[in-house]
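Undergrad: Each protein sequence line maps, in turn, to chains A and B. First residue of the first sequence? That's 1 in full-length UniProt numbering, and the numbers climb one at a time after it. First residue of the second sequence? That's 1 in full-length UniProt numbering, and the numbers climb one at a time after it.
Rather than coming from a laboratory, the hints here were simulated on the basis of the structure. Be careful, since some hints might not be right.
In silico negatives: residues of chain A with every beta carbon more than 10 angstroms from chain B [what the hints assert, rightly or not]:
#1 D66
#2 G76
#3 P89
#4 Q102
#5 D119
#6 D165
#7 D222
#8 A226
#9 L228
#10 A246
#11 N270
#12 G319
#13 G327
#14 D343
Stretch by stretch, here's where chain A covers chain B in the computed footprint (C-beta under 8 angstroms, at least three residues) [to be verified]:
#15 56 to 65
#16 69 to 75
#17 195 to 204
Don't be surprised by glycine CBs; every beta carbon is placed ideally from N, CA and C.
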Amino acid sequence: MKFQKRRPTALAALLLTATFAFAGCGGDDSGDGGGSSAGGDGGGGDMSVTMLPKNLGNAYFDTSTDGAEKAADELGAEFEEVGPDTASPDAQVQYINTVAQQGKDALIISANDPDALCDAIDEARSADVKVVTFDADTNPDCRDLFINQATSEGIAAKQLELIADQIGGKGEIAILSASANATNQNSWIEMMEKELADNPDYADIELVDTVYGDDDDQKSFDQTEALLQNHPNLKGIISPTTVGIAAAARYLSDSSSKGKVALTGLGTPNQMREYVDNGTVTAFALWNPGDLGYLATYAAAALVNGDISGEEGDSFDAGDLGSFEVGADGVVLLGEPFTFDKDNIADFDF
Amino acid sequence: MSHTDIERPQPGAGTSTSEALLVEPSRLSPTRRALTTVLRSRELSIFLVLVAVVVLATTKNNGFLFSSDGWRNFLLNPSILLLLAVGQAVVIITRNVDLSVGSTMALTAYLTGRLFVDQPNIPIIVVVLACLAMGAVLGLVNGVLVAYAGVPALVITLGTLYIYRGIMLTWAGSDRINAGDMPRDFLSLGTKTILSIPVLTIIAVVVLAVVGYYLHTARGGRELYAIGSDPDAAHLYGLAVRRRLLAAFVLSGALAGLAGVLYTARYGTVSSGVGSGIELQAVAAAVIGGIAIFGGSGTVWGAAIGAFLLVTINRALPSLGIEDFWQRAVVGVLILGAIVLDRVLARRQARKLAESRDHS
Numbered sequence: 001m002k003f004q005k006r007r008p009t010a011l012a013a014l015l016l017t018a019t020f021a022f023a024g025c026g027g028d029d030s031g032d033g034g035g036s037s038a039g040g041d042g043g044g045g046d047m048s049v050t051m052l053p054k055n056l057g058n059a060y061f062d063t064s065t066d067g068a069e070k071a072a073d074e075l076g077a078e079f080e081e082v083g084p085d086t087a088s089p090d091a092q093v094q095y096i097n098t099v100a101q102q103g104k105d106a107l108i109i110s111a112n113d114p115d116a117l118c119d120a121i122d123e124a125r126s127a128d129v130k131v132v133t134f135d136a137d138t139n140p141d142c143r144d145l146f147i148n149q150a151t152s153e154g155i156a157a158k159q160l161e162l163i164a165d166q167i168g169g170k171g172e173i174a175i176l177s178a179s180a181n182a183t184n185q186n187s188w189i190e191m192m193e194k195e196l197a198d199n200p201d202y203a204d205i206e207l208v209d210t211v212y213g214d215d216d217d218q219k220s221f222d223q224t225e226a227l228l229q230n231h232p233n234l235k236g237i238i239s240p241t242t243v244g245i246a247a248a249a250r251y252l253s254d255s256s257s258k259g260k261v262a263l264t265g266l267g268t269p270n271q272m273r274e275y276v277d278n279g280t281v282t283a284f285a286l287w288n289p290g291d292l293g294y295l296a297t298y299a300a301a302a303l304v305n306g307d308i309s310g311e312e313g314d315s316f317d318a319g320d321l322g323s324f325e326v327g328a329d330g331v332v333l334l335g336e337p338f339t340f341d342k343d344n345i346a347d348f349d350f
Numbered sequence: 001m002s003h004t005d006i007e008r009p010q011p012g013a014g015t016s017t018s019e020a021l022l023v024e025p026s027r028l029s030p031t032r033r034a035l036t037t038v039l040r041s042r043e044l045s046i047f048l049v050l051v052a053v054v055v056l057a058t059t060k061n062n063g064f065l066f067s068s069d070g071w072r073n074f075l076l077n078p079s080i081l082l083l084l085a086v087g088q089a090v091v092i093i094t095r096n097v098d099l100s101v102g103s104t105m106a107l108t109a110y111l112t113g114r115l116f117v118d119q120p121n122i123p124i125i126v127v128v129l130a131c132l133a134m135g136a137v138l139g140l141v142n143g144v145l146v147a148y149a150g151v152p153a154l155v156i157t158l159g160t161l162y163i164y165r166g167i168m169l170t171w172a173g174s175d176r177i178n179a180g181d182m183p184r185d186f187l188s189l190g191t192k193t194i195l196s197i198p199v200l201t202i203i204a205v206v207v208l209a210v211v212g213y214y215l216h217t218a219r220g221g222r223e224l225y226a227i228g229s230d231p232d233a234a235h236l237y238g239l240a241v242r243r244r245l246l247a248a249f250v251l252s253g254a255l256a257g258l259a260g261v262l263y264t265a266r267y268g269t270v271s272s273g274v275g276s277g278i279e280l281q282a283v284a285a286a287v288i289g290g291i292a293i294f295g296g297s298g299t300v301w302g303a304a305i306g307a308f309l310l311v312t313i314n315r316a317l318p319s320l321g322i323e324d325f326w327q328r329a330v331v332g333v334l335i336l337g338a339i340v341l342d343r344v345l346a347r348r349q350a351r352k353l354a355e356s357r358d359h360s
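If we strip away everything but chain B, and leave its shape as in the complex, we get (with noise of 0.2 angstroms):
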């Protein structure tokens, strides 16, 4: 104990907190450390932006939080995205991107309704099984490509989000898939509420807490990190580069499957052109979260408030009395914003990196 102590400095004498936590963080004690690492995440600052814009619409009209409606869409509506999001955020910090999870949600939307319509018994575990296994096969299309082709996971994916839209058009053509197609069971799943959360949150919130942990605390997750930071180095390390990238891929189809089925529960209503733009969304909210484009930082908690700020905000701004224009210039100044914070605050991390090189 005291002989570590003699040579190491205090934390307090010539370094300042947030140098120690960025040179030598178990330095502080544990305690201290997490309250600054919330208190420094780039995740509060939008988790207040969430904040500010629901106590304005709910100051505005109480309705948009205090109603039995309110409050159920306002954790009801952002968990579709959230799970796309979850997922997009574990492609973008392996410095890729997965533009096909809309039309894969479309086709597991798509499978989800023709399940139900050619087998009326059959078993909703099943079809939720099969829109996982289908949105994992998808994605595993897109993993393939982009670890063995070398070809960026920009234009793959850009490829396969028209090859997945085109499948879902010849498969589906001018059929739609109504309510009164699929079991009453199923729909009400829709809206269902344990302890007034709703239970799509529940699945939702329960994907984002796995994918979370392992993403912080174990070595694959860690891995995609380094991945993302530089991947030539991940590669010379001997990391397993492409298992990661694939394993990262599926888990971004299978969840784009998962989604595909709550959207059938939610909108009772699948057309060919579903979910068509909200792939860019799930971009977005990755994005506006705090992970960067280029891979390596961020986290999914980051993604799943960004997916919740981008749902709230496009309900809240109709009750504010703002214009259909300006809902989308407001998610367009949101974006630019996040990359511009982004940039501010990696540029002022390395100046103090640097600093403290020199320090020591």
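Chain A on its own, in the form it takes in the complex (with noise of 0.2 angstroms):
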């Protein structure tokens, strides 16, 4: 009677263990294979595209989908999303092979891993696959191309002119930022720095402080606190993190401060709908991830019509958004970061 009570625990824990070892090796095992069965096109004369996010279930995602139909709509190309649930490299392997094994013309991917995707793009690409990259690149020898989503410069500029505006081009502003040892955020604080000094505009406008929130709600909510604190004349605040800004938001919106502070910076419209709506904030900035996944499909449809080869120099037409050109390592820039105030906010959804 023990014994057999004692076989099916072990068993168990044999499948268990024999999951874990399998689950262990599965990113390999995905890795290769496929391959092979590459032959055909797409076929006839209609363009296929596929999309496929970091996950699904991400409405910033969701967005920029729905930008890449409208563009395939436009196109009359035959649009296509798929993706994994969660946001890790190995999750987007199979779904890179199935393009490959399917023929599709292009594919438009946003890369949960610079390097871990590379094989699995590379079999693609041999197997006559376009393969575009938007809002996060992998390695440029591994892509067509590149659609990037903003510059440093222009995230920098266009903080430093929407604080500007709405403080009325002087006093005293302050800049929350992410964690210390950020590269974005310390690359756009050493442009804002600059542009501050070097652009006579910006003369009357000192920058008092630099805090850190760490990209924590409530870090970033105490900062705020302290920075208002400590600098009683303090007249803007820059807060180029997501987290921060829809932090420093919730504060002033309920403080003594809110309507002569006033706060910009990088944010979704979904976290600061509430700060905007109750006038706490006026303007602030981000790509449109819309136009970025609109972008990606006339880039990738460029590519599969032969119109261009992702050379720099190469021009193509981008539907509503005119025409572009490729820079240096086949990256092609969306622009400069689009303002949400309350006028366009509720036509956003991410």
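Put the complex together from the two separate chains, hints included.
TA: What follows is the structure, encoded as structure tokens:
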């Protein structure tokens, strides 16, 4: 009796161990295979495009997919979106393999990892699939084009422009950043500091403090409080991080500084809607993921049609957005960050 | 009346006040007893440090206390940590610890947001009750594991800290609850004041008062101290050790659940990282407030003052122009100071007890 009782337990334990072991090498498993069966083209004149975001069920990527779908409609291309539930690199590999096997014409992907996907993408490209990355790039040599949402210069300049506009061009400002060692944040801050020093338009604006909220809601909130307490003459706060700007807005919206201290930075419409509606924030910036998906689809189509080869200096037409030129390393820049304010925020849901 | 007096020596003759308080407190008059208890309490020294910090910060920048925002934040900011510290104090008094409160708070904070997103018209009180219940269940899991498995609470709750956080990560994923998802009534609760005292602070202080009164006077409360002083002796004496431990962990979980609701009302944003690390602040608040880490002594009043002190120091140091690194170091110094003080006092107490025993 005892013996029988133990057996299922042992079996369960074995099964469990085996599951973990297989899960461990799952990445390698799906990495190869596929490759061989990639003969035929999409067939006919119709172009087929597959969109592979980092994960599904993510409002940001839902918006970019809407943009891409609109572009595909305009181009008369067949459009499909696939993707994993969670944003992990090995989860995207199987979808890339499938695209290669189906002989699609183009793959538009936001990469979960710059290196891990390259093998799978290489195989897809050898099966004549054009690969365009957007939002998050892979290594430049394993894709055809990267659609860059914004440059550091553009982001820094946009935020200064917004804050200068909101505080009337003069007064003390402060920056609420993410962590002290975040490279992108620091490069934006450095560019803003340089611009403040060099640009005569900003001569009357003084940057009095830079504090770090570590992309933590509570810490960013507390840092906003400390900023307002320590700098009674503060006119504006720039927070180039989505967590920071929402926390700062939350603090401001219930404090006596509401309406007296301006706040801008990089934020998403869903996070900021409440604070734009109640007047705490007048305008903030980010790129428009819809435009990003739209442009990526036009770029993919231009590659498939042979209009461009992805070389620096190539230029192509992207419907409503106008004409774009490929820059160094196969990068296409979407443009200046997009400004959200109370007139347009209702149009976005991400 | 008189015949008892004959047998007892008068307080002044032979024994000092402190000795009388130690050996036979009832010999002193009630007022004098109360006064001496307060003057000799650990809580007083922590309270004085708190006053000193506030005075220093206010002289440097009088907006620290005397602006409307400053006063409100002074009372409001510690209220969430205060709840966690009260729950933690009760658990530590039983010679256990609950490290999972941060993750519990995260889960209930997300539950709060989720309920408002899925059922926009749900009454606030239902959300509060749901979060209390969820916190209590999570606390019960800890309690059952600690009381019946016989594994130290440090290990059990370290495990549940990660398990609960894992559940949170799976449940919430990259999803965020934003201020716009929740009703304005609920969000305004986060900063609303009654007679210039924030509602959240009132909630926290009411909880503190109830728990403090229970621990001080009720049989169940005193038994928690007995269990913490010597678990084996408590068991031999026939106290319901397991039941009391379960109750302590359920209370700690439920208060963490309540803290989750308050967190959401206050900060208006919930992401999967909410409250990571706050469990250590709760332990720190309790220890700084004079709760002995080996259980059996200390009060929730002390833990509450400890929570106030921790939060207020964090607010005050930037105003005083002290850098980030030193802000953390100061908290460390406070903890070490509290523990050293604890040891010194415990040793002195033991020596005095021995001396007074020799006297009699």
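Undergrad: Does each hint hold? Answer for all of them.
TA: Hints and how they fare:
no.: 1; hint: D66; verdict: holds, 19 angstroms
no.: 2; hint: G76; verdict: holds, 34 angstroms
no.: 3; hint: P89; verdict: holds, 15 angstroms
no.: 4; hint: Q102; verdict: holds, 28 angstroms
no.: 5; hint: D119; verdict: holds, 26 angstroms
no.: 6; hint: D165; verdict: holds, 24 angstroms
no.: 7; hint: D222; verdict: violated, 7 angstroms
no.: 8; hint: A226; verdict: violated, 4 angstroms
no.: 9; hint: L228; verdict: violated, 8 angstroms
no.: 10; hint: A246; verdict: violated, 6 angstroms
no.: 11; hint: N270; verdict: violated, 5 angstroms
no.: 12; hint: G319; verdict: holds, 30 angstroms
no.: 13; hint: G327; verdict: holds, 30 angstroms
no.: 14; hint: D343; verdict: holds, 17 angstroms
no.: 15; hint: 56 to 65; verdict: holds (count 3)
no.: 16; hint: 69 to 75; verdict: holds (count 3)
no.: 17; hint: 195 to 204; verdict: violated (count 0)
Checked against the numbered hints given earlier, the structure breaks hints 7, 8, 9, 10, 11, 17 and satisfies all the rest.
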